[in-house]
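Asks: Go ahead and model the full structure; you've got the sequences and the hints to work with.
2 protein chains.
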Amino acid sequence: MKRVFVIGTGATKIGEHWDKSLRDLAVEALLAAVRDAGIDKREVQVLYVGNMMSGELQGQEHLGALVATWAGMAGVAAFKVEAACASGGAALHQAYLAAASGLYDCVAVVGVEKMTDALPNDVTSALLTAEDQEYVVFTGATFVGLNALAYRMYLSKYGVKQEDVARFAVHCHKMAVNNPYAQFRREVTLEEVMSSPLIADPIRLLECAPVGDGAAALVLCNEDFLKRSPRDVLVEVAGSAVATDILSVHERKDPLTMAGFRKAAGEAMKRAGIEASDVDVLEVHDAFTVLGILTLEALGYAPPGKGWQLVAEGELEPGGRIPTNTMGGLKARGHPVGGTGVYQVFDLVRQLRGEAGANQVEGAEIGLAQNLGGVAGTVAVHVMRRVR
Amino acid sequence: MKRVFVIGTGATKIGEHWDKSLRDLAVEALLAAVRDAGIDKREVQVLYVGNMMSGELQGQEHLGALVATWAGMAGVAAFKVEAACASGGAALHQAYLAAASGLYDCVAVVGVEKMTDALPNDVTSALLTAEDQEYVVFTGATFVGLNALAYRMYLSKYGVKQEDVARFAVHCHKMAVNNPYAQFRREVTLEEVMSSPLIADPIRLLECAPVGDGAAALVLCNEDFLKRSPRDVLVEVAGSAVATDILSVHERKDPLTMAGFRKAAGEAMKRAGIEASDVDVLEVHDAFTVLGILTLEALGYAPPGKGWQLVAEGELEPGGRIPTNTMGGLKARGHPVGGTGVYQVFDLVRQLRGEAGANQVEGAEIGLAQNLGGVAGTVAVHVMRRVR
Chain A
1 MKRVFVIGTG ATKIGEHWDK SLRDLAVEAL LAAVRDAGID KREVQVLYVG NMMSGELQGQ
61 EHLGALVATW AGMAGVAAFK VEAACASGGA ALHQAYLAAA SGLYDCVAVV GVEKMTDALP
121 NDVTSALLTA EDQEYVVFTG ATFVGLNALA YRMYLSKYGV KQEDVARFAV HCHKMAVNNP
181 YAQFRREVTL EEVMSSPLIA DPIRLLECAP VGDGAAALVL CNEDFLKRSP RDVLVEVAGS
241 AVATDILSVH ERKDPLTMAG FRKAAGEAMK RAGIEASDVD VLEVHDAFTV LGILTLEALG
301 YAPPGKGWQL VAEGELEPGG RIPTNTMGGL KARGHPVGGT GVYQVFDLVR QLRGEAGANQ
361 VEGAEIGLAQ NLGGVAGTVA VHVMRRVR
Chain B
1 MKRVFVIGTG ATKIGEHWDK SLRDLAVEAL LAAVRDAGID KREVQVLYVG NMMSGELQGQ
61 EHLGALVATW AGMAGVAAFK VEAACASGGA ALHQAYLAAA SGLYDCVAVV GVEKMTDALP
121 NDVTSALLTA EDQEYVVFTG ATFVGLNALA YRMYLSKYGV KQEDVARFAV HCHKMAVNNP
181 YAQFRREVTL EEVMSSPLIA DPIRLLECAP VGDGAAALVL CNEDFLKRSP RDVLVEVAGS
241 AVATDILSVH ERKDPLTMAG FRKAAGEAMK RAGIEASDVD VLEVHDAFTV LGILTLEALG
301 YAPPGKGWQL VAEGELEPGG RIPTNTMGGL KARGHPVGGT GVYQVFDLVR QLRGEAGANQ
361 VEGAEIGLAQ NLGGVAGTVA VHVMRRVR
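Sequences listed follow chains A and B, in order. Take 1 as the starting number for the first sequence in this note's numbering and just add one per residue. Take 1 as the starting number for the second sequence in this note's numbering and just add one per residue.
In short, the hints are calculated from the structure, not lab data. Each hint can be trusted.
No farther apart than 25 Å at their CA atoms in a straight line, the calculated lysine-lysine pairs in the DSS-like style are these:
no. : chain 1 : residue 1 : chain 2 : residue 2
1   : A       : Lys2      : B       : Lys227
2   : B       : Lys2      : B       : Lys227
3   : B       : Lys2      : A       : Lys270
4   : A       : Lys161    : A       : Lys306
5   : B       : Lys41     : B       : Lys20
6   : B       : Lys41     : A       : Lys270
7   : A       : Lys306    : A       : Lys174
8   : A       : Lys263    : B       : Lys41
9   : B       : Lys174    : B       : Lys13
10  : A       : Lys20     : A       : Lys41
11  : B       : Lys2      : A       : Lys227
12  : B       : Lys270    : A       : Lys41
13  : A       : Lys41     : B       : Lys263
14  : A       : Lys253    : A       : Lys306
15  : A       : Lys253    : B       : Lys41
16  : B       : Lys2      : B       : Lys263
17  : B       : Lys2      : B       : Lys41
18  : B       : Lys263    : B       : Lys253
19  : B       : Lys270    : A       : Lys2
20  : B       : Lys253    : A       : Lys41
21  : A       : Lys2      : B       : Lys2
22  : B       : Lys306    : B       : Lys263
23  : A       : Lys174    : A       : Lys161
Only a predicted model underlies this, so the values are computations on that prediction, with no experimental measurement involved.
Replies: In structure tokens form, the structure reads like this:
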């Protein structure tokens, strides 16, 4: 296998882009990444578009050819990759494989979602296509409802107070203040979170990732390309792994185990030759606060039921024990679904390159990103390492 | 790069499967391919699902985790790959890259579409998501309409009679009689084709691929896996390539050139070290008859405007100069959209293994499959070679 590196990054701000279509967002991020890489766009040989809901929300499939055409790159091999909310991470995994195989040596990936000019019921329905239509959605279950059941189980099993879990959202909003790409650049207090409307008991509005539009892109290359086009600063895709779990939570032995995440994280870290304790900066898929806490525990940063302590003690901030979601995470950076997995790695690369501004984690060399699809039915994990 | 081989094939019959859901079809084909490979399904490390319209027609995305779960393979890395009607070929390309990279050594791909229990208008709308919603679909154009324009242009430019193009459908129906997986196992006459209803002038109903349900699957492995699990009969993925063209036909310099196909076919044949004259059996994406003729000409089997002669002279039949769509093609085998690219290679492998029954092409060693998405906006080409 060829080693694979990130040589270009680009993104749009996340938010309500009433004046930009899905293609506009994707092309903007993609061309920004190409510019950042300092290459000619004709050097890109294959394009992966991570997206979940364009068919449902825009009546538009075939995003590979669409984005390639509108970016002036028609001719390249191009694909849409879908794995629910893990579509971005899944597309990045394909991009990694394409460059690692050696068949291609310069590859682009763009993760994109356009959610705000669809009717809210449409967005809710489209998100539910990630769950089993015939056996789960049919019952009336919603995503927030399914996560609420896991959240309730967690609080009950470990005797944790909701305030301690909800504080994860406070942390994310604090981090996003310094991220120019974030949807919500403002702090919230724990009191505001706990008094925000109840969405599905016990989940409060300010514990949920928002709806938004955005696109993030990366240009990857392998070692062959790098010989022709050397770099002073370089971040490697040190480990890339994807795993599934049994799709529906109610059929799993334990709804709190995150078996898919444990498998993907284990494989990605093994491929990178690292352990969780080596990670300098972490991106977790906090679609709901409890997922952030469960992830910290699954990675062994805290014992089961004690992940909240890391938040309370400020250990997730730059300078803390395990800086996490330093750009705001899904909660405050935003969660344009198919874009999220790419935004996470975009943010890790900024940290590893030392471009993270006020939230810079000093000396960060290794980052890990966790991207979940459905209720963690698909999990993509990427370990990124600064090599120079 | 590792060499990649097909060691298992499986498929459902194509047709109106009122009693089977999308997941049923996909799981049936996938497990059949695993049985054919003679492996334990737990040996499969990654699963690609080629599908275009499950979001629109079944309200179901996240097919990777869904199919993995219902096939009893939860845990594997799993993805949906979409490239309009080329979704199957696109998924196969990813499967090829996964095994060629060496990160995985046993990979499965299933192409599936479930079309008959959606309302016809839904199917038409869902198919149109392959074209540009904002600039083409908005005008009221349909797929058959866009192909009809190209068809009319072809007839006019070369002074060809429609009867000579339409005869391609007669050929496909004749071939499908001997294919137990085909949707239409009956012959049609040229008179029947020419007197069938006009769909979009000049295209007649019997010149169009039908709507149907079906799934086809392949198990691939690389040379490392093969060392542990040797085979007496073996077919290699000798060349795999995907290319895009400018998405919308009206923006291309020449609507009849098939630039994407020429690029993908050139790359796939170069990777396989063959020329078009080496191909023993051909699968073309004859969603409409004219596409079959254009493809024969693009590959150089006939001069522009003369492809129809190959059909008229029986050269597309087993024993002819270039046996084509020997199992019925899209027209008569059927066209479950996301499944088609995999069915094509499934049929090539049957030919190369000598399992093609009454339609066997004697001594066939090299096959080529062409899978088109949109109006050839994405093209996947696979060259398959029997190696023993």
